[in-house]
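A.B. asks: Please build the complete structure, drawing on both the sequences and the hints.
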Amino acid sequence: MIRVFAALAILCAALFIAALLVGPAQIGAIEGLRALILGGEGPAPLVMQEIRLPRALLAVMIGLSLGLSGAAMQGYLRNPLAEPGLIGVSGSAALGAVVAIHTGFSAAWAYGLPLSALAGALAGVALVIALAGPRGSSLTLILAGIAISAMAAALTSLVLNLSSNPFAANEIVFWMMGSLADRSMMHVGLALPLMVVGWAMLLPLGRGLDALTLGEDAAASMGVRLTRMRLVLVVGTACVVGAATAVAGAIGFVGLVVPHILRPLVGARPSRLLWASALGGAVMVLAADLAVRLILPERDLKLGVLTALVGAPLFLHLIYKTRRELP
Amino acid sequence: MADPAPRRVVSMNLCTDQLAMLLAAKGQLVSVSDLAVDPRASAMVEQARGYTINHARAEEVHALRPDLVLAGQYSSRASVGMLRRLGIRVETFAPARSMDDIGAALERMGALLGREEAGKRAAARFEERLSALRAEVERRPEAALYYANGYTLGDKTLAGQILLTAGFSNTAAKAGITGGRVMPLEQLVMYAPEALISGTSYSGETRSEAILDHPAVELLRRSRPSAEVRDRDWICGTPQVLRAVEGLGDLRRKALEGEG
Chain A
5 MIRVFAALAI LCAALFIAAL LVGPAQIGAI EGLRALILGG EGPAPLVMQE
55 IRLPRALLAV MIGLSLGLSG AAMQGYLRNP LAEPGLIGVS GSAALGAVVA
105 IHTGFSAAWA YGLPLSALAG ALAGVALVIA LAGPRGSSLT LILAGIAISA
155 MAAALTSLVL NLSSNPFAAN EIVFWMMGSL ADRSMMHVGL ALPLMVVGWA
205 MLLPLGRGLD ALTLGEDAAA SMGVRLTRMR LVLVVGTACV VGAATAVAGA
255 IGFVGLVVPH ILRPLVGARP SRLLWASALG GAVMVLAADL AVRLILPERD
305 LKLGVLTALV GAPLFLHLIY KTRRELP
Chain B
715 MADPAPRRVV SMNLCTDQLA MLLAAKGQLV SVSDLAVDPR ASAMVEQARG
765 YTINHARAEE VHALRPDLVL AGQYSSRASV GMLRRLGIRV ETFAPARSMD
815 DIGAALERMG ALLGREEAGK RAAARFEERL SALRAEVERR PEAALYYANG
865 YTLGDKTLAG QILLTAGFSN TAAKAGITGG RVMPLEQLVM YAPEALISGT
915 SYSGETRSEA ILDHPAVELL RRSRPSAEVR DRDWICGTPQ VLRAVEGLGD
965 LRRKALEGEG
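Going down the list, the protein sequences come from chains A and B. Start counting at 1 in the first sequence, then tack on 4, and there's your number in the numbering used here. Start counting at 1 in the second sequence, then tack on 714, and there's your number in the numbering used here.
The hints are all genuine.
Which residues of chain A face chain B? A few of them, derived with a C-beta cut under 8 Å, are: (1) A29; (2) I55; (3) N169; (4) A172; (5) N174; (6) E175; (7) F178; (8) S188; (9) D304.
Negatives, chain A to chain B, calculated, CB over 10 Å: (10) L15; (11) A123; (12) A148; (13) R232; (14) L294.
Hints in this document: simulated from the structure, not taken from any laboratory. Cβ coordinates follow ideal geometry from the N, Cα and C atoms, glycine included.
C.D. replies: Structure (C-alpha cells):
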C-alpha cells in the first residue's frame, strides 16, 4: 500500500518538475530553475514564475480535485461510471462560469467567477443524485448525466452565441474541452480557497464510504449518517469541480479513469482509493498537459481532448462490462 | 468591360462595403452589410447609415433585385452560390494582404462599377499619400501585434504590412510566423519586443481577451511603449489603413526615445 502511494507521489513530483521545464520558450533546465527560485532580471524569470509555475500548480490542483471527486462519487453511488464530467457536473459548472463572465459579474467581483461555477456545479450534482437516487442503477445515472450535460451545454452555447463579443462563440470549445494554456497566478488564487474547502470535505468521507460497501443498513448500524454524508459529498464535489471548471473549463474523464486504474492496487477500499485517486488525478492531468505541449505545441491542443481520447474507450469498456452484469 | 454600368449594386462584405461607398455613383449602391454600421469594425459608419442594411443572407440580397453583388472571397459559399444560381452576377474580392492590393482593389472596384476614372484617381491619391508616409528609416524598432487568444499577425498580412510601412519590424517574423497564428505567451515574453500593439477590447467580457490582461503581458505593456489599435482602421484594405500607419508614428517615436 505504502508503495503505491510512494510511487504516485514520486511520479507526481517528477511530472511537476517536467511541467516547469517544457515550453515553447527555450530555457535550459538549470537556468530555468534558478530563474524560478531566485528571480532576477530578464524574460526567463517572468516565463517561469508567471506562466509555467501557475500552469503546473493548476494541473496538480485540478487533477487532485477531479480524481478525488470521481473516487468519492463512485464510492457513494457504488457505481464505477460516476464521474463529474460524464454526469454533467463539470458542464453545469461551466454554465455558471460562462454566465458570470458574460453578465460582467466576474469583472465586478473577482470571486464571482468561482462562486458562480460552484452554484452551477451544486445544481448539477444535486440534480444527478436526486434523479439517480442513492443507489441509482447505472442506466438512470447515465441517462440523468446525459440530460444534464446536454442541457448545460445548450445553455452555455446559447449564452456565448448571444454575446455581442465576436470572440465569445469560439469559446464554446474551451468550456467543453478545457485548457490550462496561459493561466496566471490570479487563477491559482481564485481556485485554491474553494478547492481546499472541497478537499477538506471529501477526504474524511473515506470511513463512511468503507462502511457503505457493506450496504446502507450495515453502514447505518455502524453509525454512518447517510443523509449528512450525501450532503457533504454534494457540496464538496461542487466546490472542487466548480473551482476547477471556473479556471480551466470542463476537463472530462479524469475522475473516471484514475479510480478505475487504481482500485485494484489499493485493494478496492474506498478510503484508500480517495487518497490514491487524488494523487493519481494530479499525475494524469500533469501528464496530459505535458503531452499537449509536446505533441503539436503550436496548435493549442485542448487538454480535455487528450483526456477524452484516453477516457472514452475506457468508458465504453465499462459500459460493456456493466451490460454483461445486467440480467 | 463592355457591360453597361450596374445600376443596383448590393455589397455583403464589410470591405467591399467600404470600397463601394468610396467609389459608387449616387444611387448606384443600394445596400451594405450590417457590419458597415458597426463602429468597432467599420470606418465609414456615418455614410453606411444612408443605405439599406443587409445581413449577407441570399434571400434578402435577392429581394433587393441587384444587378451586381459584391462579396468577400470568404463570404458564405452557400449564399454566394445560391445568388449565382439565381442568375445574379456576383464579384468576390480577396482580402488585401499588402499595400499594393489596396490600389488594385480600388481600380477593380472602379471598373466593376463603371467608374474607371474615379477608381484610378482614388488609387493614385492613395499611392501618393502612402509614399509620403513611407519615411526613410534608420532603425526599425521591433513591435509585436498581440490580439485575443494570443493571436499574432506576420508580414504577409495587412496588419503586418501596416506595421512595416510605419517603420517597425515585426516580432512574428522572428518566430517564423508570416500569416496569422497563435504565438505562445512564453515566446512573446522571451522575444521582449520594443513595443506592444494590441487590439481593443470588445464590449462584454470574454476569456479570449483575458490573455491581454495576463500579468506577463501587463508587465510588458507597462515597461515599454504600447498602443491599442482601433480595429476599423486595420481590418480592410481601404485607404483608411493610412490612418493606422499615421497612428503608429507616435508609438515609433516613443520606442526610439526609450533607448535614448
